[in-house]
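Could you put the whole structure together from the sequences, leaning on the hints where they help?
Chain by chain, the residues run as shown.
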Amino acid sequence: MSQHIREFPLMRVDMTLNGSAASVDVEPSELLIDVLRDRLRLKGTKRSCDVQVCGACTVLIDGLPASSCTTLCADVHERSITTIEGIAKEGKLDPVQRAFIAHGALQCGFCTPGMILAVKSLLALDPHPSEETIRHYLRGNICRCTGYVKILEAILDLVHNPSRYQTETP
Amino acid sequence: MRPARFILHRPASLQEALELKARHGPAATFHAGGTELLVALKARVLRYEHVIDIKQLPELRHIRVRTDGTLSIGALCTHHRLANDPLVRELLPGYAELSEQVANIRVRVAGTIGGVLCFGEPHADAPTMLCALDAWVVLDGPNGEREVPLRDFHLGEFSTAREDDEILVSIEVAPQSPGTRSAYRCFGHAERPAVGVAAVWSTDNPQRLSLWAGAIAGSPVRLPQAEEAADRLTLDLPRNSVWQNLRDSVAADAAGIDAHDDLHGGADYKRHLVSVLAQRALEACLP
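Residue numbers (the numbering used here), protein chains in the order written: chain A, 9 to 178; chain B, 120 to 406.
Heads up, a few of these hints could be off.
Claimed, not checked - According to the in silico footprint, chain A covers these stretches of chain B (three or more CB under 8 Å from chain A):
(1) 123–137
(2) 328–338
To be verified - Using 30 Å as the maximum straight-line C-alpha spacing, the simulated DSS-like pairs for lysine-lysine come out as follows:
(3) A:Lys100 x A:Lys51
(4) A:Lys97 x A:Lys158
(5) B:Lys161 x B:Lys174
(6) A:Lys100 x A:Lys158
(7) A:Lys97 x A:Lys128
(8) A:Lys51 x B:Lys161
(9) A:Lys51 x A:Lys158
(10) B:Lys174 x A:Lys158
(11) B:Lys161 x A:Lys158
(12) A:Lys128 x A:Lys51
(13) B:Lys174 x A:Lys51
(14) A:Lys128 x A:Lys100
Don't read these hints as lab results, they were simulated from the structure.
We put the CB at the ideal spot given by N, CA and C, even for glycine.
Here it is in C-alpha cells:
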C-alpha cells in the first residue's frame with residue numbers, strides 16, 4: 009500500500025461544488041462522475057453510455073456542459089461544478105425543473121438531470137433560443153422514453169412564458 | 120469503465136512539457152481535452168504511466184492574425200471557442216460553422232483542435248476542411264520547430280506525421296482571397312461523420328476550387344477531377360447548372376476512393392454520400 013501511494017500520489021482538488029467550496033483528494037485517474045456519485049453521494053448524475061454520447065452524466069463546469077464520465081476529477085481543480093442537486097434554490101425548484109414537471113417532459117427520469125443542466129446552460133448562453141437552436145443544442149442528450157416532444161414543449165413554453173415558472177407550480 | 124492508474128503532470132510551459140516527455144518517453148502521453156484520450160484510456164485500448172496535462176500551456180491558447188495575414192490557431196482551442204470566435208467567424212466562416220456542428224455540445228466544449236488532429240481518428244470533421252483550406256501545422260519538439268502541411272499530416276488511421284515527442288503548437292491558415300467561400304457538409308447516423316465533404320471555392324479570377332472528402336478513407340482525400348472541372352467553368356453559369364457540370368467528375372473521383380464497409384456504412388453507400396455531400400457543400404459556396 010505504501011509503495012502504491014509513493015508511485016501514484018493523490019492530488020488535491022479544490023472546486024466550487026453547487027455554490028460551496030469542496031475539496032477532495034483523488035487519484036489522478038479518477039473520473040469526475042465517480043467522485044460525485046460514490047464519494048460525495050450526489051447520485052443525481054447518471055452513468056449510462058460511458059462514452060460522452062448520451063448526456064446522462066452531464067454536469068456544468070464553469071456553466072458549460074461536460075460529460076462527467078469522460079472528465080478527470082483532477083481536471084476540475086479550481087473550477088465551478090454544478091450538478092442537478094445544485095440548481096434548486098432554498099428548496100425551490102429551478103424554473104427549468106418546473107417547466108419539465110408542468111409539461112410532463114419526463115418518463116423514467118434517467119436522462120432528466122443531464123437534460124435540465126444542458127437546458128440551463130443553453131438559456132445562459134441564449135435566453136431566447138429558437139426551436140432549431142434547442143434541437144441542435146440538445147442533440148447530445150438522449151431520451152429513450154419521451155420522443156422529445158414534451159421536452160421541446162416545456163423548453164419553448166419556458167422561453168416564451170417565463171413568468172409561468174418563476175414560482176412553484178400552482 | 121475506469122482508466123488504469125497514472126501519474127498526472129502539470130507543466131507550466133511548452134519547454135517543461137517537452138522535458139517531461141523526454142524524461143518518460145513512450146510511457147507518457149500528452150493530455151488536453153480528453154475527448155479522445157480518456158475514452159481510449161477507459162477502454163484500456165491505450166495505457167500510459169504518465170499523463171502530461173498541457174491544458175494550461177500559454178503557447179497553445181491563442182487565436183491571432185500574423186503580420187502577413189495568416190490566421191494562427193493555438194492547438195488548445197476548443198471547437199466551441201472556434202465556433203464563437205469573432206476572428207474565425209469573420210475569416211473562415213465555413214470552418215466556424217463546421218466547429219458548431221462537431222459531435223455534441225459537451226465534446227465541443229472540451230475537445231481541442233490539436234487533439235483531433237493528433238489523434239488521427241479518420242471519422243472527424245475538422246481535418247477535411249483544414250485540408251481544403253490548405254492549412255499547415257506547427258510542431259515543436261526536441262529538434263526544434265517545424266511546419267507540416269495538413270495534407271501531409273495524416274498518414275492513415277490514427278497515424279500522423281507528428282513524432283511521439285513533438286507537441287502540435289498551432290494550426291495556420293493563409294489569408295483567403297476575396298470572394299472565397301467555404302462550406303462543409305457531412306452525414307452520419309452516430310456522433311461521428313460517416314463521410315464529410317469540404318469545399319473552398321474562390322470565384323474570383325482565376326477561380327479555383329479545393330474539394331476534399333473525409334472520414335471515408337484513412338485520411339482526407341482530394342477530389343482532383345472535380346477541382347479541374349470547376350476551374351474550367353465559366354462564371355456566368357446559372358446556379359442550378361453548376362452541379363450538372365460537376366457531378367460526373369465528383370462521381371468519378373468518388374469511385375476511386377479506397378473506401379471500406381464498416382459500421383458507418385457500406386463502401387458503395389459512402390461513395391454515394393460523397394456526391395450528395397459535395398453537391399450540398401458546393402451549392403452552399405455559390406453566391
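Holds or violated: Lys51 of chain A with Lys158 of chain A, Cα cutoff 30 Å?
holds, 25 Å
Lys161 of chain B and Lys158 of chain A were given as a pair; does the straight-line alpha-carbon distance stay at or below 30 Å?
violated, 35 Å
Holds or violated: Lys97 of chain A to Lys128 of chain A, with C-alpha atoms at most 30 Å apart:
holds, 14 Å
Residue count check for the region 123–137 of chain B against chain A: does it reach three with CB-CB under 8 Å?
Contact hint for the region 123–137 of chain B vs chain A: holds, 5 residues under 8 Å.
Measure nothing beyond the straight line between the CA atoms of Lys174 of chain B and Lys158 of chain A; if it is 30 Å or shorter, mark the hint as holding.
Measuring from Cα to Cα gives roughly 39 Å; hence the hint is violated.
For Lys128 of chain A and Lys51 of chain A, compute the direct alpha-carbon distance and say whether it is at most 30 Å.
holds, 19 Å
Quick one: see if chain A covers the region 328–338 of chain B, three-plus residues with Cβ-Cβ under 8 Å.
With 0 residues closer than 8 Å to chain A, the region 328–338 of chain B misses the three-residue bar; violated.
Does the alpha-carbon distance linking Lys161 of chain B and Lys174 of chain B stay inside the 30 Å limit?
holds, 20 Å
Take a quick look at whether Lys100 of chain A and Lys158 of chain A sit within 30 Å of each other, Cα to Cα.
holds, 22 Å
Hinted pair, alpha-carbon criterion (30 Å max): Lys100 of chain A, Lys51 of chain A. Please report holds or violated.
OK: Lys100 of chain A and Lys51 of chain A at ~19 Å, within 30 Å.
Is the straight-line distance between the alpha-carbon of Lys51 of chain A and that of Lys161 of chain B 30 Å or less?
OK: Lys51 of chain A and Lys161 of chain B at ~21 Å, within 30 Å.
Lys97 of chain A and Lys158 of chain A: Cα distance at most 30 Å?
Given that 30 Å is the threshold and the Cα spacing comes to 25 Å, the pair holds.
Checked against the numbered hints given earlier, the structure breaks hints 2, 10 and 11 and satisfies all the rest.
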